[in-house]
Amino acid sequence: MASVTIEQVRKQYGAVPVIHGVSMDIEDGEFVTLVGPSGCGKSTLLRMLAGLEDISGGEIRIGGRLVNDVAPKERDIAMVFQSYALYPHMTVAENMGFALKLKGGDKAAIGKRVKEAADILALGPLLDRLPKQLSGGQRQRVAMGRAIVRHPQVFLFDEPLSNLDAKLRVTMRAEIKDLHQRLKTTTVYVTHDQIEAMTMADRIVVMRGGAVEQIGKPLELYDRPANTFVATFIGSPAMNLFEGSIGDGQFVTDGGARLPLPAGYSVHAVRTYGVRPEHLALSENGVPATVVVVEPTGSETHVVVKIGSADTSLVLRDRIDLEPGQQIAVAPDLSKLHLFSASGTRVN
Amino acid sequence: MSDLAIPTVQAKVKSERSSIGSLHMVQTASILVIALVIVSPLFMLLIASLKDDRFQILADMGSFRAFWVSSPTLSNFAEIGNLSGELAFGRYLVNSLIILASTVGAGLIVNSMAGFVLAWGSLRGRALILSLVIALYVIPQESIIMPLVIMVSRAGMTDTFAVQIVPWIASPLYIFLFYQFFAQLPKELFEAAEIDGASVFRIYRSIFLPLSLPALATVSILMGIESWNQYLWPILVTQTDYARPIAVAIATFFGQDSIYWDRAMAASVLMMIPILALYLAFQRWFVSSFVGSAVKG
Ligand SMILES: Nc1ncnc2c1ncn2[C@@H]1O[C@H](COP(=O)(O)OP(=O)(O)OP(=O)(O)O)[C@@H](O)[C@H]1O
Ligand SMILES: [Mg+2]
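These protein sequences, in sequence, are chains A and B.
The opening residue of the first sequence carries number 1 in the working numbering; numbering runs sequentially from there.
The opening residue of the second sequence carries number 1 in the working numbering; numbering runs sequentially from there.
The following block holds chain B by itself, in its conformation from the complex:
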């Protein structure tokens, strides 16, 4: 057995060594691609948002001047405080933030509870429910969106915040994520708490939830991004500025008669800030949850 093992180990070392060179090339290449595809448009966006002449922005697009601004100005951001009017940047941002915070807040509670019960609850048919949840995950959001629009308009919920929050709180993906996280915690932890006299809810709240920071962070970020980028749904269910999120608002800047390229650029920059902040806030746990499972796996 050990005689056999030695050559394979050596072979592995050898192939690893020879693959280091090509690994390097792959790395460099992928960094280049990332730079071209992701970073350069971002940079372009940032530069464009600092130019005050919207015709100039268009004219610069096709050349290297897209990456250069001679006299930067923040005038495109002037409407950031507007809560009403044609360019109510402030309002759209606040709307998006309200929707994001409510969806993520409620989503963390609902999905983690569901995941916990599926992992540790004593309800009957747990396995069946779990496989249904997983089956639900394969259904794309877009395919249920039209019936959902009809449902909410019948219920008179259109053009509200609730209509943009409630449908997206419970999600099979996040339930499953929490389920997986909770299920891998040791059984003795649950039992020790049970013997200590904790109710199932108390075990969830005082033991398992505090231990699930990585899962909470991961779900916060994923849910936050999803909520922030909602586009199709809010277009269908909002008619006025009242609850309109920024992603939809940016699209309306490209009206038929006036194209606010300058404002759209600024709005896009603004739109990135909160979600970046969310990511940075949770990134430590987000990353560690992946590293942790990788190392253990």
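Just chain A, with the same shape it has in the complex:
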């Protein structure tokens, strides 16, 4: 196990920069997820950690050792690929034991380590099968098994669950988390699924366009997003954002609605007013709104309403009969507002 330090790391392909000076500290034993929209450079950063891409600038340290020019096999890391990349002609046991065999361990010792890893992942009965004889979830577990037999310093995952169906994804999510709690190996996990990031990570790194937008614990990002990008990226359904300006102690949206502010709030540089769907409630003397769509999910009801000219989502815990077109009034929880400046950074 080891800490990972990334300092001002840059990457360019030819003249095209794709990572613009990313820095982060990952503690020993920590589970960090990298999230961000497609093409933001998550895989590139992970591959630089693995040594599969060279680094155009900056420094990467694993366990204190500078690894910029260290070959992948010397970095003591293990990587799980989105496609699993199992060796098709090797059995599960051979796949898992390959790295150990290359290191020159004796057969019995390798067999023992493979057996241990197989037990952890419930792969015991499958050890003699070929990858093509496994289901998607089983292949996924073999890919993890191949990583854990080596007892590496760091695990790297690149969207390992994206080829699985929704249900299996939830199961495997829990399994990976459980595995991490048992092994306590430093883990960097790439995903574009913010739920995956929220549920699994000790800390989340939100990236966009090759730069870090915010780093923090899942609930920190949820409670205090540093900017409008993180605000809409984390949380589902996404946070409602209203553009407008402050006047008479209220927030007047460009669409003409008047939204309440906490008493005595006087910073004038607010351009964007954010409130999460779950922090809006029906309230008699709230902001007038017109129901557009009602989507019951069973446990809660998702409602889209128009406030001013803006479509706004609500998540209601109670079962309330609402009809499209109906006039209602909603009120935000004033202690959970998110206010942003014109440049999109948080001001409250």
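Heads up, none of these hints are tricks.
Partial selection, computed: residues in chain A whose CB lies under 7 Å from chain B: (1) L52; (2) P72; (3) K73; (4) M79; (5) F81; (6) S83; (7) A85; (8) Y87; (9) H89; (10) F98; (11) A99; (12) L102.
Worth flagging that the hints you see were computed from the coordinates, not collected in a lab.
Heads up, the beta-carbon is just placed ideally off N, CA and C, and yes, glycines get one too.
Fit chain B with the ligands to the given chain A structure using the hints.
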């Protein structure tokens, strides 16, 4: 978009249906042609090899008796065990087999390694080398053969096995075939092995080569046939029976004073057997490599 798509799909179905009849005719016709052009001479050859009178073979050639033997005999094959003498069938066969096995064996290793490095190696100027390799492919063997003869005779290599093997081991066609095969395997496979701690050679040997059975089979068959049928080159570089292959030997049966039609027929039959065996041995993968790429393509 979908409105537009429907009529074209229907049109396609219709044209497919009406083309089934003509497809049938084309099939039948091509089977007939194959039977006439390829199978009938083969059959004739087989029959002739069982006739013991060489003058009779010649006399029968122009009629339907070419396809009939009244008293079959294996006497033409009597010399199969001869390793020396005038009709050293055995020797020529063994020579051809040695040349084939060495060429194919070394060729598989050399060409697959070159293809692998071109596909996955980190050497500089890879693209340039690849385009040179492809450019080399358009040069016909015959055009370099005279300078090559001079080179090997200067080197004192004539009338050896090596001279019939070494020049044909590396081949742009097979390098390219392997290159293509390796290049279409996923990058993650290479990277996973790299992270697992495998050297580039180890990745080649333990991961990519075992996965390339279809390519190995295809190259084995093509190289084998090419080596087995070498004719011009061995005529130019062999003077004695020592390393003479069977294809050349058969030609020498048609000497000036005695034409061994009977022995030549038998030798031709014998000559087909090993290459057929090679084909049958690898045919499963050979075919699957074409089917595989067809389905994927
Ligand atoms: N070999 C390459 N050459 C040039 N540009 C590349 C190369 N690989 C990646 N890029 C570019 O780098 C950027 C980041 O790519 P990367 O694969 O890291 O994105 P990602 O965040 O992993 O996206 P996704 O969620 O779709 O996997 C993209 O704009 C991509 O086009
Ligand atoms: Mg990616």
